[in-house]
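Visitor: From first to last, the protein sequence lines are chains A and B. Using the numbering used here, you'd call the opening residue of the first sequence number 1 and step up by one each time. Using the numbering used here, you'd call the opening residue of the second sequence number 1 and step up by one each time.
Some hints here could point you the wrong way.
A pair holds if it fits inside one copy or across any two, identical chains being indistinguishable in the list.
Only pairs whose alpha carbons sit at most 16 Å apart, straight line, appear in this in silico EDC-like list of lysine to aspartate or glutamate [what the hints assert, rightly or not]:
| id | residue 1 | residue 2 |
| --- | --- | --- |
| 1 | Lys228 | Glu291 |
| 2 | Lys14 | Glu113 |
| 3 | Lys14 | Glu102 |
| 4 | Lys143 | Asp51 |
| 5 | Lys269 | Glu163 |
| 6 | Lys14 | Glu110 |
| 7 | Lys269 | Glu204 |
| 8 | Lys221 | Glu291 |
| 9 | Lys221 | Glu296 |
| 10 | Lys143 | Glu25 |
| 11 | Lys221 | Asp288 |
| 12 | Lys228 | Asp288 |
| 13 | Lys221 | Glu232 |
These are calculated hints, taken from the structure and not from any lab test. Just so it is clear, the structure is predicted and the values come from calculations on it, not from any experiment.
2 protein chains.
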Amino acid sequence: MKKSEFSFIGDIAKMFNALPHHGFEPIGDDCTVIDIGDEALVLTTDMLVEDVHFLRAASSAEEVGRKSILVNISDVAAMGAKPVATLLSLSLPESAQEEWVEGFMRGYHEVSEREGVALVGGDTTASRDKITINVVAIGRAPKANIKRRSAARIGDIICVTGELGISSKGLVDIMFGDLDTTAARCHRNAQARTTEGAWLGTQEDVHAMMDVSDGIASDIKHIMEQSKVGAEIDTALIPTDYDLRFALSGGEDYELLLTVASDGFESLKREFENATGCQLTAIGRITDGGELRWVENDATIEFNFEGFKHF
Amino acid sequence: MKKSEFSFIGDIAKMFNALPHHGFEPIGDDCTVIDIGDEALVLTTDMLVEDVHFLRAASSAEEVGRKSILVNISDVAAMGAKPVATLLSLSLPESAQEEWVEGFMRGYHEVSEREGVALVGGDTTASRDKITINVVAIGRAPKANIKRRSAARIGDIICVTGELGISSKGLVDIMFGDLDTTAARCHRNAQARTTEGAWLGTQEDVHAMMDVSDGIASDIKHIMEQSKVGAEIDTALIPTDYDLRFALSGGEDYELLLTVASDGFESLKREFENATGCQLTAIGRITDGGELRWVENDATIEFNFEGFKHF
Chain A
1 MKKSEFSFIG DIAKMFNALP HHGFEPIGDD CTVIDIGDEA LVLTTDMLVE
51 DVHFLRAASS AEEVGRKSIL VNISDVAAMG AKPVATLLSL SLPESAQEEW
101 VEGFMRGYHE VSEREGVALV GGDTTASRDK ITINVVAIGR APKANIKRRS
151 AARIGDIICV TGELGISSKG LVDIMFGDLD TTAARCHRNA QARTTEGAWL
201 GTQEDVHAMM DVSDGIASDI KHIMEQSKVG AEIDTALIPT DYDLRFALSG
251 GEDYELLLTV ASDGFESLKR EFENATGCQL TAIGRITDGG ELRWVENDAT
301 IEFNFEGFKH F
Chain B
1 MKKSEFSFIG DIAKMFNALP HHGFEPIGDD CTVIDIGDEA LVLTTDMLVE
51 DVHFLRAASS AEEVGRKSIL VNISDVAAMG AKPVATLLSL SLPESAQEEW
101 VEGFMRGYHE VSEREGVALV GGDTTASRDK ITINVVAIGR APKANIKRRS
151 AARIGDIICV TGELGISSKG LVDIMFGDLD TTAARCHRNA QARTTEGAWL
201 GTQEDVHAMM DVSDGIASDI KHIMEQSKVG AEIDTALIPT DYDLRFALSG
251 GEDYELLLTV ASDGFESLKR EFENATGCQL TAIGRITDGG ELRWVENDAT
301 IEFNFEGFKH F
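All chains, please: the whole structure from these sequences, using the hints.
Guide: Dropping the structure here:
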């Protein structure tokens, strides 16, 4: 799920840059940010479309309800903010008027309740035959806590929370009919790193942060681009029990990818793991030069969608 | 276009009321409101669905682009706030990838530029065959300026900005192939009352306010319900050049419906019209008792969708 992308519109998008910003930061992070005194609000939005992001036959209404809010509060957590509220728009065909929408709202409520997030507005409308869902999440944090993709510094440790690849392995399990594997259950009941994101927001040694939405192999490039730096990632360090392709290219893990000042890393890792019970794993380092280099125990390797090529 | 309606979900919606509100006001106005120090932010969202809200064959992409942002900034204006930013989500089938989306963005930009509103985020995604558009508008105002549907008082003058019924008359003209009437042009190039809304927000004598989205015959009921009052409207006073049914039940006029302290009304009307060049017309009065009473030059009449029944 790409954020805030109007790049395909080309010249039209540029026209918007000339408009007054009213204190909002330019597009480029998981959320847009606006200062409100000592605090900042962050806002993000995500659209889920039937037959593109979910199949009604394959996902229960509750799962779609959980997922639709989760992707958004994960983006809020990735900014170092605490999610406080959502807006929900639904367009529903006749065939999803009763049972489906009640299941959807149960799933949506389940996550809202667990995360203490209010539903403060929205819109409901008819559609011809497909369901479309749009969620906006709003987060709040002390201004100094907000973490941006653009804040990585050369020498920073690149690290990730939790384990990678479970969700995409689970999706493959489900596609092959193995509905009850650990990975399949994780895929169906993903959690966003909200406690962890808010905790990391309070740490000065945390520089850049984002959530893992398309797999770290493509997500790290957003940090590199926004921070104008390079990166070196050691595949031997990736925290995963599965094929590296799931860990690096699989989506929907909702883990956090961040860069930390190298001399602060060890104590931050210890305090983080004590405070949250979630592991934090160093997987590489921010470099100069702008390139992404993959290594395996210090030897350069090449990564593509078929896997790794060793030299 | 109904706002914030999850009433059809019944018991599920009530479950959300138990969640922490984090300073957001409960659902029930054109926008949700959150205090940020001396100021407040207001947020609203609206979803437009192809073949429900627009036909690709009947509306140009530019028109859809203008309308999708206009309905939202009209809601911001109705709170007495100044629109500052929007978030835009688009799901687009193959058939709308190039020319359509460029036209849409030109229309969206035209209104953004005229109103000085930033585009601060969004999402773009594929869809199978229909276009869905979701827009969030964010407004800002001194806290004291925010106008709510719940603030009408018994004895208030009910009034409207501009003229009613033009947009729905224009829609009928277009349906009958009369594309170039004044009303048809107004329908295609509607304007939101942003200057007027922000001006009215500064006035203590303005009590309740909302925008006219479904026609005043149904919109006034939201003010009555939220303010727990009745209303009496004199059809002889309705500012319209068209059939009263357009003026009372037609949508998309984007005018403002408001209630004003009766002893302040005459001077407020004069100052408003001087400041904005827009007319403000008294059409009735807030009453006790909770009923909506229609009169024509002081005689009670009965209004339904077929028109008026005189006693």
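Visitor: Would you mind marking each hint as holding or not holding in the structure?
Guide: Structure-based check of each hint:
In this assembly of identical chains, the alpha carbons of Lys228 and Glu291 lie at most 16 Å apart only when taken from the same copy (10 Å versus 64 Å across copies). Taking identical chains as interchangeable, the C-alpha atoms of Lys14 and Glu113 lie at most 16 Å apart only when they sit on different chains, with a minimum of 13 Å there against 40 Å within one chain. Taking CA atoms no more than 16 Å apart as the test, Lys14 paired with Glu102 passes between copies only; the shortest distance there is 12 Å, against 41 Å inside one copy. Taking CA atoms no more than 16 Å apart as the test, Lys143 paired with Asp51 passes in neither setting, with 39 Å inside one copy and 43 Å between copies.
Within a single copy, Lys269 and Glu163 get their C-alpha atoms as close as 15 Å, which meets the 16 Å cut-off; across copies the closest is 64 Å, which misses it. Taking CA atoms no more than 16 Å apart as the test, Lys14 paired with Glu110 passes between copies only; the shortest distance there is 13 Å, against 40 Å inside one copy. In this assembly of identical chains, the alpha carbons of Lys269 and Glu204 lie at most 16 Å apart only when taken from the same copy (13 Å versus 54 Å across copies). In this homomeric assembly, Lys221 and Glu291 come within 16 Å of each other (Cα to Cα) only inside a single copy, at 9 Å, whereas the closest approach across copies is 62 Å.
Proximity of Lys221 to Glu296 under the C-alpha cut-off of 16 Å is found in neither arrangement, the shortest distances being 19 Å within a copy and 68 Å between copies. In the homo-oligomer, the alpha carbons of Lys143 and Glu25 lie at most 16 Å apart inside one protomer (13 Å), although the nearest pairing across protomers, at 23 Å, exceeds that limit. In the homo-oligomer, the alpha carbons of Lys221 and Asp288 lie at most 16 Å apart inside one protomer (13 Å), although the nearest pairing across protomers, at 63 Å, exceeds that limit. For a Cα distance limit of 16 Å, the shortest separation of Lys228 from Asp288 inside one copy, 8 Å, qualifies, whereas the shortest one across copies, 65 Å, does not.
Taking the shortest Cα distances, Lys221 and Glu232 sit within 16 Å of each other inside one copy (11 Å), while across copies they are farther apart (62 Å).
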